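Participant: This is what each chain is made of:
6 protein chains.
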Amino acid sequence: MPTINVQLFEGRTQEQKRAFVKAITEVTVQTLGATAESVDIIIHECKRENWATAGKLWSDQE
Amino acid sequence: MPTINVQLFEGRTQEQKRAFVKAITEVTVQTLGATAESVDIIIHECKRENWATAGKLWSDQE
Amino acid sequence: MPTINVQLFEGRTQEQKRAFVKAITEVTVQTLGATAESVDIIIHECKRENWATAGKLWSDQE
Amino acid sequence: MPTINVQLFEGRTQEQKRAFVKAITEVTVQTLGATAESVDIIIHECKRENWATAGKLWSDQE
Amino acid sequence: MPTINVQLFEGRTQEQKRAFVKAITEVTVQTLGATAESVDIIIHECKRENWATAGKLWSDQE
Amino acid sequence: MPTINVQLFEGRTQEQKRAFVKAITEVTVQTLGATAESVDIIIHECKRENWATAGKLWSDQE
Numbered sequence: 001m002p003t004i005n006v007q008l009f010e011g012r013t014q015e016q017k018r019a020f021v022k023a024i025t026e027v028t029v030q031t032l033g034a035t036a037e038s039v040d041i042i043i044h045e046c047k048r049e050n051w052a053t054a055g056k057l058w059s060d061q062e
Numbered sequence: 101m102p103t104i105n106v107q108l109f110e111g112r113t114q115e116q117k118r119a120f121v122k123a124i125t126e127v128t129v130q131t132l133g134a135t136a137e138s139v140d141i142i143i144h145e146c147k148r149e150n151w152a153t154a155g156k157l158w159s160d161q162e
Numbered sequence: 201m202p203t204i205n206v207q208l209f210e211g212r213t214q215e216q217k218r219a220f221v222k223a224i225t226e227v228t229v230q231t232l233g234a235t236a237e238s239v240d241i242i243i244h245e246c247k248r249e250n251w252a253t254a255g256k257l258w259s260d261q262e
Numbered sequence: 301m302p303t304i305n306v307q308l309f310e311g312r313t314q315e316q317k318r319a320f321v322k323a324i325t326e327v328t329v330q331t332l333g334a335t336a337e338s339v340d341i342i343i344h345e346c347k348r349e350n351w352a353t354a355g356k357l358w359s360d361q362e
Numbered sequence: 401m402p403t404i405n406v407q408l409f410e411g412r413t414q415e416q417k418r419a420f421v422k423a424i425t426e427v428t429v430q431t432l433g434a435t436a437e438s439v440d441i442i443i444h445e446c447k448r449e450n451w452a453t454a455g456k457l458w459s460d461q462e
Numbered sequence: 501m502p503t504i505n506v507q508l509f510e511g512r513t514q515e516q517k518r519a520f521v522k523a524i525t526e527v528t529v530q531t532l533g534a535t536a537e538s539v540d541i542i543i544h545e546c547k548r549e550n551w552a553t554a555g556k557l558w559s560d561q562e
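Protein chains in written order, with our numbering: chain A, 1 to 62; chain B, 101 to 162; chain C, 201 to 262; chain D, 301 to 362; chain E, 401 to 462; chain F, 501 to 562.
No lab work stands behind these hints: they were computed from the structure.
There could be a bad hint or two in this list.
What the hints assert, rightly or not - Reference excerpt, derived from the structure (chain D facing chain E, CB under 10 Å, subset only): (1) N305; (2) T328; (3) T353.
What the hints assert, rightly or not - No more than 16 Å apart at the CA atoms, straight line, and that leaves these computed lysine to aspartate or glutamate pairs for EDC-like: (4) E/K447 - E/D460; (5) A/K22 - F/E526; (6) F/K522 - C/E249; (7) D/K347 - D/E310; (8) E/K456 - C/E226.
Just so it is clear, the structure is predicted and the values come from calculations on it, not from any experiment.
No residue lacks a Cβ here, since even glycine has one placed at the ideal position from N, Cα and C.
Just need the whole structure built from these sequences, with the hints factored in.
Facilitator: Right under this line is the structure:
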């Protein structure tokens, strides 16, 4: 703990994910006083056809 | 907000998802008084081999 | 299944929740072809001090 | 209810999942007094490149 | 990992929770080959007025 | 999107939460290229009696 679940669109590179989890962990340690070892981050990559805003799938948004 | 996460079996068509998110958003606006723009829906498609009821995977149910 | 998890701000009345789950279930049955009995809805009421958009807690938004 | 969501690394066999959901359901019935029919288990298989501990993706851990 | 999130109705005793997490962890270790230290379980206690099945809140079910 | 759900023990101050969501949003924008407006963060405060590691509730850990 903390356990951080992140939902985002698919398409990020491995390098972006690497930078993201490193930075998220650092600011969690700094602002909450947790140890780095206690921080888990799980990334969920979502297809645009499975996410809707305002009643419209993102695969249908222009 | 509201953010709505939906877990269901895989196999729905794009047309079904499209109708589903449109209708869910409409009734959310009507019953909760939210704006359509504030409604996010994320669909999670699950395999039958990853969902169990009563101790039995759905891929094993007859 | 489907299992629907809804995150929203606290403050809805019991009557609003009642109308919401009834309507959500109906449109799920209509658009996805599920049986009403298979639809579970779990409501998560969040405090404004625990939800942030654009880096700012909603309890701090004006 | 109860509804149990399990996040783990991908790579378990169908046989392991079968044994897992059977055993989880049994102990849930025994310790919480729920009926087996009311226990739903959803397994989420995560890639090592999407899970980080201590700021490092598991695909990068040695 | 594994990380196990459990949603159930509120009302279980501390003793029931204690037995539950012990048993869940044991069968997870036995069936999946994980170490006990890697198993996290998070319990979410839900009010009956926030869970609906078949379009009806459990606080309204007789 | 991205939508970030954070599970942690209860007990953080409003000031800590404020700093946390500001920093998380900033590094998400920097590393993933998202706009700040698209970043939602939802904090879930868990009681120690509802979180277990290695089969033991944290309220029972010494």
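Participant: Look at each hint and say if it fits the structure.
Facilitator: For each hint, the structure was consulted:
For D/N305, the shortest C-beta to C-beta distance to chain E is roughly 5 Å, which falls under 10 Å, so the interface hint holds. The restraint placing D/T328 at the interface with chain E holds, with a minimum CB-CB distance near 7 Å, inside the 10 Å limit. Restraint check, D/T353 versus chain E: the minimum CB separation of about 8 Å is within 10 Å; hint holds. Between E/K447 and E/D460 the CA atoms are separated by roughly 12 Å; this keeps the pair inside 16 Å, and the hint holds.
The hinted pair formed by A/K22 and F/E526 meets the criterion: a straight-line CA distance of about 13 Å does not exceed 16 Å. Between F/K522 and C/E249 the CA atoms are separated by roughly 13 Å; this keeps the pair inside 16 Å, and the hint holds. Straight-line distance between C-alpha atoms of D/K347 and D/E310 comes to about 6 Å, which keeps the hinted pair within the 16 Å bound. For the hint linking E/K456 to C/E226, the alpha-carbon distance of about 11 Å falls within 16 Å, and the restraint holds.
Hint check: no violations occur; every hint is consistent with the structure.
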